[in-house]
Each structure stands twice: as structure tokens, then as C-alpha cells.
Amino acid sequence: MSHVSVSNVWKEYDGQIVLERVNLEVKPHAFVSIVGPSGCGKSTFLRMLLSQEMPSRGSILVDGAPLPPEPTEERGVVFQRYSVFPHLTVLENVAFGLEVQRSRLVGRLFGARRREVFEACGEIIAAVGLDAARDKYPSQLSGGMQQRLAIAQALIRRPRILLLDEPFGALDPGIRADMHDLMLTLFEETGLTVFMVTHDLKEAFHLGTRLIAFDRYRRRPEEIGAYGATITFDLPLDRSSPREKREAMAEIGHAVAGN
Amino acid sequence: MSHVSVSNVWKEYDGQIVLERVNLEVKPHAFVSIVGPSGCGKSTFLRMLLSQEMPSRGSILVDGAPLPPEPTEERGVVFQRYSVFPHLTVLENVAFGLEVQRSRLVGRLFGARRREVFEACGEIIAAVGLDAARDKYPSQLSGGMQQRLAIAQALIRRPRILLLDEPFGALDPGIRADMHDLMLTLFEETGLTVFMVTHDLKEAFHLGTRLIAFDRYRRRPEEIGAYGATITFDLPLDRSSPREKREAMAEIGHAVAGN
Amino acid sequence: AEKTDFKIAWTIYAGWMPWPYAQEHGIVKKWADKYGISIEFQQINDYVESINQYTAGKFDGVLVTNMDALTIPAAGGVDTSVVLVGDYSNGNDGVVLKGAKSLADIKGQKVNLVELSVSHYLLARGLDSIGLKESDVSTVNTSDADIVAAAASPDVTAVVAWNPQLAEIKKSPDMTEVFDSTKIPGEIMDLAVVNTETLKDNPKLGKALAGAWFETLALMARDDAEGKAAREEMAKLSGTDLPGYDAQLKTTYLYTDPKDAAAFTRSDDIVKYMDLVRSFSFEHNLLGEGAASKDVVGIAFPGGKVLGDAANVKLRFDDTYEQLAADGKL
Amino acid sequence: MARRWINRHPGRAERLFLGLLPFLILILVYATGSAMRLEVNPNDKLLPSFASLGNAIARVAFSTDPRTGVVLLWADTAASLERLVLGLVIATALSLVIGVVNGVLPYVRAGLSPMVAIVSMIPPMALLPVLFIVFGLDELSKVVLIVIGIAPFLMRDLEARILEMPGEQLIKAQTLGASSWQIVLRVVLPQMLPRLIDAVRLSLGPAWLFLISAEAIAADVGLGYRIFLVRRYLAMDVILPYVVWITLLALIFDIALKRFNAWVFPWMEAGRRSA
Amino acid sequence: MARRWINRHPGRAERLFLGLLPFLILILVYATGSAMRLEVNPNDKLLPSFASLGNAIARVAFSTDPRTGVVLLWADTAASLERLVLGLVIATALSLVIGVVNGVLPYVRAGLSPMVAIVSMIPPMALLPVLFIVFGLDELSKVVLIVIGIAPFLMRDLEARILEMPGEQLIKAQTLGASSWQIVLRVVLPQMLPRLIDAVRLSLGPAWLFLISAEAIAADVGLGYRIFLVRRYLAMDVILPYVVWITLLALIFDIALKRFNAWVFPWMEAGRRSA
Ligand SMILES: Nc1ncnc2c1ncn2[C@@H]1O[C@H](COP(=O)(O)OP(=O)(O)OP(=O)(O)O)[C@@H](O)[C@H]1O
Ligand SMILES: Nc1ncnc2c1ncn2[C@@H]1O[C@H](COP(=O)(O)OP(=O)(O)OP(=O)(O)O)[C@@H](O)[C@H]1O
Ligand SMILES: [Mg+2]
Ligand SMILES: [Mg+2]
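Protein chains in written order, with our numbering: chain S, 1 to 259; chain A, 1 to 259; chain X, 1 to 330; chain C, 1 to 275; chain F, 1 to 275.
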């Protein structure tokens, strides 16, 4: 059975077609890496998976049911731009998801229950390397630190689908490798389905169990607007065969670079 | 003669030491790649080179003279966060530097002179691949497109020193390769000196003629704040020897990843 | 200094409406031309502001009550001459109680009025007449523009007001007028005053004003169509209609005949009235905070009579122009 | 699944209905109140019936005043609008200059910002006598009252908005060789004009307030003058239509300025979150 | 190299000097004007000398009034502050509720937003008669006038600020399972409180204005009452100190609210560009 099913989705903005004829069937527990040139509509695609925007045409089904019309806790997200809450400390940002879950009325815990939740958050904060900044506000963090915080925040509710929009772009290689390990561990442990937009092909191959590329078939300037991008490559990735992977990588790299 | 000379520079914020004992001599026409873990002070270092902030101690000399106390057109910049003018179109954003140069009084050209400048900007706009978006406003561009615009804008005045803070982080590999070529061409043609912060070691090696890494010697949580980061690696890069490059890369990668 | 252009401030009030009428119908111009000067009447909505502007020197003259002439320009050191005593309030000011029958019921009530104005004076005189003191009531300063609405408010039980507001307030069935200015005739006068120095240097101004004033009064007093038309226009100007305006005129004793005006200005009554007014003013600190007694500001009357400090005369009742009009010598 | 309320947007028709609803309720409440009062006292002037409102409107808006030969409402409106527009234009121009130099130049800010903050706290009404004496009782003082009343707010708002601008933009402009003057002209001003106009929209209410207050004290024509004139007779049948008319005028100004902003500064709209 | 003016920051001492300069100039201008007028008429009341100002201050602020047995200035201040604070608190609370639901819930916005916009344009002074009837002539109507005067501005500002919030935050909160109510409580409200307080600071001027106007219309104690009472005899020696005092009080409120904001909402300051 296919878990996420995208059929014939189009998306226009004010008459400008961004995406057209997007079809995709994703099995449960897939890690879909999404690549494609800048401005081709990758973020737009993620926004539709999130129900932040509606497709202009076509439908998206999850487990056979249409996507709920609004974001839910089953689909977590890390945006390209920073999306943590500026008025909460690192710890409070991470605890937010648990607090609203456990206190429906005021969305906030007190006393022992609060301490308990905060302790539970310590682990993931440590995992993203923000232990020393637990009590800082986002504006006191560097860009990369904010993004790591956003990742921790999105993971705390253990969503079934995780949408990542260039989540590791601002991280240095060391931290990035740690985050990759964290992602893979979580992915294996929880049976999560992940959609990740990235510009780093190596990352796409390293993490993904499947790689799709968005691109336009028509590239002449006067055609942009009238024709949108769609899925031009769709490769299942087998993590066990490094050679195949390298070959596929070269092929895709070539195609996506567009020359 | 050394072109840019940084001697014993410290930077503190509210008693928290971010950088300490930074010493660096840079020859003219160098391409300095800067790497280091997130939050270690790379952006802070660039801000000081830009005169956006003053060192807490120590001095920075350019061609033997102290750095002017404010940003000048000799030092161009592309920030980590988007820094184009939201009220100008792509074309106007790029033309800005030329307009303020040629019209001291109103910073704006009219008629034939305006057309001439706008035409001159066409080339670099094409070079960063924004031809189709010449008349769009930044808010109508994707993140990557905005960043490419910022690069074109910074290059138009042909600064002698160019400061780049993760300029290509948001670009897809194809565009990124084009931008690399553009950077290298410009670098060779103009005798520019470049300081570029990046998280991508491959990029650092590919573009740089020299690579420096910032890091802390002390990493225990209770020591952060009391001790800052400083330059821990400083390698001249010879573009002609791929093997050496690969070896150095492995070494640095290991060190910077911190494990 | 001698000059030819004069500005007088006026505000809307039944007894003063002849002035704007005279201006619009060229009567003022006719008389001013006769004396080779020009006089402009400028309307100010806010009565106190018009006096303040006169006191600050922005106008050569102003239409004002006797008490305000004493307490604002005169007490403020601006030597002021009364050129014309236009009328006195003969029922135009009144004390109104809600659901009570006599003035004695006012005891202990909160009274809404324009504090330190002629309303306040009327209240004091009323209380005096039945042996009450001002401390037997408490006063709430209420703007004259809003006093009608205030009176309609459920928690207001006692109001002192002048026309046309008074008439509006009395229209409400539960309001009873328990005291009015017919009980103190002549004490609340409406005057045309001019800066003394200006008048001394330019007696023509006084003559022109007197000429225009009595001509207009004669016109409006007529019971024929022309007189009615004049009054109708004055009514319009003051924002009401002819019956409303006529009702207000009934409670205004206009000195239509210049002889009467001159006689009243010279009478002993006016000295007595001004003494009452200055006593009230002194008791309410209106002659200046530092005033040692009610004598600090001198008031001069025709024939050399002076109330208070003769060395500091700042308010002068002058019958010259009324007399000239009476003698037909203008 | 039911959507969260924050995600539910009314349709066109619903929006129209919801927007009109409070007004319908208001009219109903008025009608009831009026009927109740008129039953007790048929001469009550406070809440006149719709019929007498209609009469009064016909009198002031559609027939010439026999005395002056003009239609009162239009004469009043013309006089008031002239004062208002003049006051708004002067206040805006002044605030633009002072707000921008305050926001951009630290030295000027150190000198003027505290002064502007303090002046913005002075209740201008209390100083009316001085104003009238300094600026005379004619049009000038009315315009000056509007300017004094709203300019400090505009200046402070503008200064704050400029200080909120991302510092990177000013740095970027400097690295492109722009002088202080050029930065003001090409970076700060164009971005601040739409904000200023938004601030002017917020000032429309106070501007009318000051105009009416000034007209209540010294004028012989104008909307505020008329209201003041008939207020002593409690002629609510004239006051209420005048108030509605003033509100309508203010609203038209507001909408016109909003449209103007969207039209002249397209880049503002391009980035807005849809409402 | 000479720095650009936008990059030059005055030092501590310079800032103090520059900040005081306009006030010194003002005092000088006043002293000259006063001396000139007093030369012409020693009894002139419009611009009293500093000596008579001092006398008046001593009289109203430091000695009991013989008639009432209280120190006038303190009695007036206490009465006015009570009304002002009450009005501000009620207006703020009301605006918080309405502004937030307007900003967050599209359905409520469709209904209330136009109404609030229109109410914000009504000049409240013109409707005083109705206010008097409904709320009486005592304290309540004064407080209500303040509320009616400033609440619509606060509501509109809050609504606009909420609409300016990055949409990503609301989306993010939803993906973390927050309900509309939880989003309001934990995301919108905490971020809006400091903005609301900033808006209240901007409303301090208007709030005083409405208070003084209300006190001018009907009162027996209060700062506005005193000013309008003594205006009857142009006692600028009392009016001017009262105006200065009101300005000072407003300023203290302003600074206190600013401090409060920085203290209670540290995250606001953390990200600010240094001035
Ligand atoms: N709200 C909008 N209104 C109009 N056009 C939009 C809007 N949002 C996005 N677009 C357009 O849609 C296209 C796709 O944008 P999107 O942000 O999805 O690109 P992307 O693939 O994520 O690019 P990048 O890799 O640079 O982030 C762009 O051409 C952009 O101009
Ligand atoms: N204005 C400031 N006030 C206080 N601390 C600051 C300020 N700016 C930066 N810092 C601190 O200085 C340190 C270095 O920040 P910086 O932005 O230079 O890091 P970076 O190396 O560029 O990180 P990244 O790779 O994530 O961009 C961080 O710990 C940050 O918290
Ligand atoms: Mg994107
Ligand atoms: Mg950085």
C-alpha cells in the first residue's frame, strides 16, 4: 500500500504555473530526498504536503485518505527560514510540543509535570548540541544554532511524516554529520516518513531511500510561467551499494546542474 | 607586503569572549576560505573586517593603514541572511551601487544615463541567472534567488576585498557551480581579495587559495564564554595539486568535525 | 496711538446678536465710514477664549459681562472702558432643579454650572437670598456647551445656566426653575468694552460703535416685517428660530433707548451692583491670587466716582457715547 | 476533520454579512432606544427618530440656507477639509524630515528625540490660549493645532520604524559606496514612505478631533463649528448626521490612503501574508 | 577618514548636552518673550515671569488651599491619575481581547474589523451628550471617554501586528499539535503583550487629552478641571506648571512602561539593533 500518494498535482500563483503534473507514490517508512534548481518549486511542494497551501489541481492522499485541510501534529516541519518561537528559550521551544499535548487547556505545564517534560527534552537538546544554550533566546543564537533548535523542536512530537526544507544548509560539517546520524537513527527507530529538500547531493544520497528531482522541461525565459516544473527523476536508493550510488550521483548531478 | 593584517584581535559580547588572539597576515589577491563550527565567531570575524563592529582589543590593518572606521565601497559583502533592498526590483538592486557612484547628489540616474547603467547591469544579472526575474521584487523570489541577487549586487562596484558569509549555502549544485566559476573568473580578472565563510569543505578547497579554521581549544561547557575561538588551522592551498588537496581536506574535515 | 482699523471679538448670545447683524447689513460699515475708520467684528465660539484673546491684546474690544470684564481683563492689568451697556439679564440666567419646587431644596446637592461665571454669581446671590451659604452645596464645573446634555444625565439634579441652554433645560418636564436673574435685575450686564488706551487715542471708535448699536436696536425693536426679518436673521445666526430668539429677548432687558442706557450708567445702582460683583470676585480669588482686598482693582464711574484703589483703576464705565447717541450728536 | 478556527476563512458573501452585522445591530439598538425615549417625552432631542434625522439631513445637506445662500453641510465640509488636509500635509512633511533625521543620524537623535518624546506628551488643548495668541484666530491656528497634535506621534513612529530596519541594509548600502545622504534618499526614505502613510492613517482620528476642537473655539464655518453651535440646543438631529458624515469622510481618507500605498509601493504588498 | 554621519554616535556627555539643548533654548525663548510682554504690561498674564510661576507653584503644590483645606495639585493629581489609570487598564484589557481575536480568527475579523476601523474614526467628543446619558456625568463617563478614545487604536494596532507575524510560526505551532486556543495563549499573546504595551505608550498622549477634555466638561477636581477653571482668568502662571506636570507624569508613565517591557520581555531586547 502506498502511504503518501500525490496524483496529478498542479500549483499556480496568480496565473504563473509553478508545478505541473506531479505524480508520486511513497511507501511507508521512506526517506525521500528532493533536489532541483533554485526556484523550481520544492518548497512549494513541501508546503502542499503540509497543508499550508492547497494544490490548484490534483489531490494528495495519506494512507488513502485526503490530506487534512490544515497542518497537524502528524506532519512535522523544519523550514528553510528560521521558524522557532522568538519569545521562548531553547528549552521552552523544544518543550512547546509536549506542553500543548499534555495541557490542552492552557498549553503550559507547571511544577513537577513541567520539570518532567523539561527533563525529557534535555536528551534531544543534547543530541543537537545545544546543551550550553538551553536558556538562551533564539535571537542570541547563531543561524546554525537556531536551525538545530528547529530540528529538535520538530522531532519532539515524533511526527509520522517529517518535512525538511534545507534543514542542514547552515550547519558546519561536523554538526551536520551528527545531525545525519541523529536523523538516520530516528528514521530507523520510529518508522518515520521523511521528505527532505536539499541542495547537497551527497546528503540526498546519504540519507535518502529514494531521490526525486524537480525540474522544468522547458527552460527558455519566455516559457517560464507558462510551464511549471515536475518530477524529472525518481530513483530508489539502495544504501548497501556504494558503487551504484556513486554512479547515480554522477548522473543526477549532471542532469540537475543542467549542462 | 601583507595586504590585510590582523594582529591579536579579541572580541567580547557582554563579557562573553567570542574570539581571542586572532592573528592573520593575508597577501594581496588571496582567496581565504574560513571554516569552523557553528557559533564559533566566523560571522563576527567578517563583521570586524567590514568595520561593522570594532575589535574589543587588537588591530586590523589594510595596506598598512588601519581599517576605516566604517564600511566602504572597497569592501563588498554578501551576508548569511538576505540583505537586498526589498523596495527595489532585481535590476534596481544591482544598479544601486552604480547609481550612487555616478549621481552623488540624488543617488539616482535618469534618462539615457540610467538606461546605460541598467544595460551594464544586465551582464552580471545574466551571470547569476536572474535574467527572467529582472523586474521582480525580492519578496517574489525564492531564497536562493535572493542570495544570487545579493552576490550580483555586491560585485557591481568591483570591491578590492569581498566578504562572503555562506553565500552559496542556499544554492542548488548547478547554480552553485556556475557561481563558483563566476567567482573564480572575477577573482582572477580583478585581483580581488576574498574572505569566504563556508560550511562546505569541498567549496572551501575548490575556491580558496588559503584555508583557515576557527575553533575553540577549550570545549567543556563551563569554559565556553570564558575562552573564545581562534585560528586553529591555516593552510595555503595550491590549486594545481589535487592529491595534496584531498589529503588536507581529510585532515581538516576530521579536525573540524571535532571527533 | 491713533489708528484706523479695529477688531472686536463677539460670541453668540441673545443680547449680542445685533452686532453681527449690523456688520452683515453694512450698518457697522456705514458708521465706521462716517468716522473714517474700519471695524471688524470677529466671531469666536468660545466665550472665555474671546475675552482671553482681548486680554492678550489680539482685539481692541470684546463683548463681555460686567463680572468677566472685571475679573479677566481688568484684573489682568488691561485698562478697559465700557462703551455701551447693552442689556442686563432679566431672566436669561436661572437655577433649575430636577424634581424639586423651591430653591431651598438645593441644600446639599451637587450643582452643575460654569464655575466662576455669572452663573456662579447668580447661584451665590440666590443662596444668599434664602440664608444659605455656598458651602451648603457643592459645585461641579460644567462646560456651557455641554450643560444641556449634562442636565439630561440621570445623576444631575441641579443646574445653573444661561440662555439658550437654560431654555432647553427648562423644556424637560421634570425641571423647575427656582431662581433667576429677574430677582437681581441689573446685576448681570452685557457690555461692549474697548481697551481704554485705544479709546482715548481713538474716540471715533466709541462714536461709531454707539451709532451702529442704537441704529440696529431701533431696527430690531420694530414690530413690523422689517424688525421681524432682522430678528429672524439674528435667530438664525445664533442657531435657533424666531420664536426661540424672541423668547430669549423677553428675558433680556435691552437698553433700546440711549437715554436709558446713559442714565443707568450714571446711576448709583450700577455702583452698588459692581460692589456686589467685586465682593463675589474677591471671595473667589478672581481678582488675582495675591489680592489683599476687594479694593485692589479700581472701578471708575461717570462723574469721578471710584470703587476701590483709585491709583489702579482698570475698569471704567463711560457714558460719553451713550450720551452722544441720546443727544443725537453722532 | 474540522479545521481550526484560525484556518477558517469566510467567503465573500459571509464576509459581507459579518461586516454589516454589527452595524445592523447598532441601528436596531438606536431605534429601540429612540422609540423608548420618545414614548416618555415626545419632544426628547437626545435620540431623535429616523424621520426627524431625515428632516434635519434634508435641511442641512440639500437645501440652501436662506440667510447665506449656501448649503450648510457643503460649506462646512469644504472649510473643514481644507484645514484638515493642510494640517495633515504639513504634519506629514514635517514628520518625514524630522522623523528621518532622528532615525538616521545619532547626533540629531540625541538632541531631538527626547524633545519630540516630551512634546508628544503635552496635551495641546491645555495650551490653546497660547496657540491662539501666537498663531492668531484664523485658519493658521487651526492648522497648527492639527500639526502639533499629530506630528509628534508621526515623528516618533517613523523614528522607531527606522530603528527597526535590518542593520544589514544600511551596512550593505555603505559597502556600495552610498553616502549618508544617499542612504537616506534611496534606502530609508522609499521604505519609510509607506509606513508614514500608514501612520497618517492611524492619525486621522486624532486629526479630526483636533480640528473639531479648534473649530469649536474659533470659527464661523466648519463641521466642528456647526456641531458646537447646535450643541447648546442639544440638536442631536443635526449632530448625529454630522458625526456620521465626519466618520465617513475619515473612512474615505483612510481607504484612499491605503489604496494609494498599495498602488505606489507594490513591493509592500508582494510580501504580505494573505489575510 | 571622516565617518559618515549615520555612523557617528555621540558620547555620554555629548548626548546629555544635546538632549538638554532644545530645552535650554525653549526656556530662553520663553524668558525673552515673557520679559518683552511684561515690559509692556506688568500685569500681563499670558507669559508670567519665572518668579510668578514660582509663586503659583508654591501656592498650588506646597500650601493647602484655604477654601478646601487640601493641597490643590496633589488632590487634582490623585483624581486625574485614578481616572487615567482606570481608563488605560480597561482600554488595554479590552483591546487585548478584541485585538487578538480580530488578528487570529478570520471569522471574527470579518465581523469586527470594519466596525473597529469605523469606530476609531468617530470623534468621541461629538457624541458626549449620548455618553452622559448612558454613563452619567461622574467618574464613569470620564473613564469611558478615555476607553472610547484609545481602545480602537490599540485594537487596530494589535490586529495589524498579529497579521504581520511570520506565518511560519503559526504553521509550526500547528504541526506541534497546538489548538487555536493554545496558539493564541502560547504563541500570539506572549509576543503581542510587549507590542501592546508599546502601543499603550503611544496612546498616553491621547489618553491624557481625553481625560483633560472630560474634566474640562464636567468635574470638581482634577488636573484638567483646574486648567480649564483658571483659564477663565487666563492664569497662565497656574496653567503652565500644570501642563509641565502633566507632561512629566506622562513621561514617567512612558518610561515606566518601557522599563517594564524590557524587564518582563527580555527576548524583545535580545534581538534589537543597538541605537
Ligand atoms: N506567494 C507566492 N506568490 C507568487 N509566487 C510565488 C510565491 N511563492 C513562491 N512563488 C514562486 O514559486 C516559485 C517556486 O518557489 P519555491 O520557494 O517553491 O522554490 P524552491 O524550489 O524552494 O527554491 P529554493 O531552492 O531557492 O528555495 C518561484 O519562482 C517563486 O517566485
Ligand atoms: N550581538 C551579539 N550579542 C551577544 N552575543 C552575540 C552577538 N552576536 C553574536 N554573538 C555570539 O557570538 C558567537 C559567534 O556568533 P557568530 O554569528 O559569529 O557565529 P558563526 O561562527 O558565524 O556561526 P554560524 O556558522 O552558525 O553562522 C555566538 O555564540 C553568538 O551567540
Ligand atoms: Mg525553497
Ligand atoms: Mg555565521
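These are computed hints drawn from the structure, not numbers from a lab. A hint or two may mislead.
To be verified - Here are the simulated lysine to any residue pairs, SDA-like style, with alpha carbons at most 20 Å apart:
no. : chain 1 : residue 1 : chain 2 : residue 2
1   : X       : K34       : X       : I12
2   : S       : K136      : A       : L184
3   : S       : K136      : F       : I118
4   : X       : K250      : X       : E289
5   : X       : K101      : X       : D5
6   : S       : K27       : S       : T185
7   : S       : K136      : F       : Q169
8   : X       : K30       : X       : K170
9   : X       : K250      : X       : K272
10  : X       : K228      : C       : P66
11  : C       : K258      : F       : V40
12  : X       : K228      : C       : K258
We went through each hint and held it up to the structure:
Taking the CA atoms of X:K34 and X:I12, the gap is about 27 Å. The hint is violated against a cut of 20 Å. Of the pairs offered as hints, the one joining S:K136 and A:L184 is violated, with about 40 Å between alpha carbons and a cut-off of 20 Å exceeded. This hinted pair does not check out: S:K136 and F:I118 have alpha carbons roughly 43 Å apart, beyond 20 Å. Between X:K250 and X:E289 the alpha-carbon distance is near 38 Å, which puts this suggested pair outside the 20 Å criterion.
Our distance criterion of 20 Å between C-alpha atoms is broken by X:K101 and X:D5, whose separation comes to about 52 Å. In summary, the hint linking S:K27 to S:T185 is supported, as the alpha carbons are separated by about 19 Å, within the 20 Å threshold. Between S:K136 and F:Q169, the direct Cα distance comes to roughly 19 Å. Compliance with the 20 Å bound is thereby established for this hinted pair. The hinted pair formed by X:K30 and X:K170 fails the criterion: a straight-line CA distance of about 40 Å is larger than 20 Å.
With a CA separation close to 25 Å, the supplied pair X:K250 and X:K272 exceeds the 20 Å bound. Note on X:K228 and C:P66: the hinted pairing holds, with a Cα-Cα distance of about 15 Å set against a maximum of 20 Å. At most 20 Å may separate the alpha-carbon atoms for a hinted pair to count; C:K258 and F:V40 exceed this at roughly 52 Å. For the hint linking X:K228 to C:K258, the alpha-carbon distance of about 53 Å lies beyond 20 Å, and the restraint is violated.
The structure fails hints 1, 2, 3, 4, 5, 8, 9, 11 and 12 (numbered hints given earlier, in ascending order).
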